[in-house]
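Undergrad: Based on these hints, arrange chain B on the given structure of chain X.
Letter by letter, the chains look like this.
There are 2 protein chains.
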Amino acid sequence: MKATVHIFLKPGVLDVQGKAVESALHGLGWDGASNVRVGRMITFDLAALDAAAAEGEVKVMCDKLLANPVIESYRVEIA
Amino acid sequence: MKATVHIFLKPGVLDVQGKAVESALHGLGWDGASNVRVGRMITFDLAALDAAAAEGEVKVMCDKLLANPVIESYRVEIA
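Sequence order for the protein chains is X and B. Under the numbering used here, the first sequence is numbered contiguously, ending at residue 79. Under the numbering used here, the second sequence is numbered contiguously, ending at residue 79.
Be careful, since some hints might not be right.
[Claimed, not checked] Here are the simulated lysine-lysine pairs, PhoX-like style, with alpha carbons at most 25 Å apart: (1) X:K19 with B:K2; (2) B:K2 with B:K64; (3) B:K19 with X:K64; (4) B:K10 with B:K64; (5) X:K59 with X:K2; (6) B:K59 with X:K19; (7) B:K64 with X:K19; (8) X:K59 with B:K64; (9) X:K10 with X:K59; (10) B:K2 with X:K10; (11) B:K19 with X:K2.
Quick caveat, the hints were computed from the structure, so don't treat them as lab data. Quick caveat, the model's predicted, so the values are computed rather than measured.
One chain only, chain X, in its complex shape:
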C-alpha cells in the first residue's frame, strides 16, 4: 500500500521558511502571492493488510517520528 503523509506547521505557528519564500517571491515581482506555507510530504510503500490498518499504523509513525505533534499537524492518505 502507498502511504502519503502531508505535514504542516499548525496555524498560528510562525512559518519562517514560508515567510522567506514569500519575500523572495515579492522580490521577484510576484506581489500577488500571500500566506505562503511550506510543509513536508513523505511517501512510502507499506506492507499492511488493509487500508484502515495502514492508516492507523501511519498515524502512530507520525506521532512517534515523522511529525512534531506539538507544532505540526498531519494528514494521512492511503492508496
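TA: For chain B alone, kept in the frame of chain X given last:
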C-alpha cells in the same frame, strides 16, 4: 486562488532524507516501510484572473525559485 505545489526529487536522484527516515522507521520496528521519499509542499494564495493563468504563473515560479528543475520535479494544483 489557492495554489499548491508538490516538489519531489526526480526518480533516480538519491533521497538522503528519505533514506534516513526509512532507516529510522526500520529502527522503530516498522520493517514494512520501503521506498521512502521526502518532498516539499508549498501552499499560497495567489491573485490571478483565472486558473489557467495562475497555473502558468506558478510554473514559472517553480522554475525560477521554488524548485531546482535539475534534480526536482513538481506538480501544481490550483483550487
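Undergrad: Could you check the structure against the hints above and give me the numbers of any it violates, in ascending order?
TA: 8
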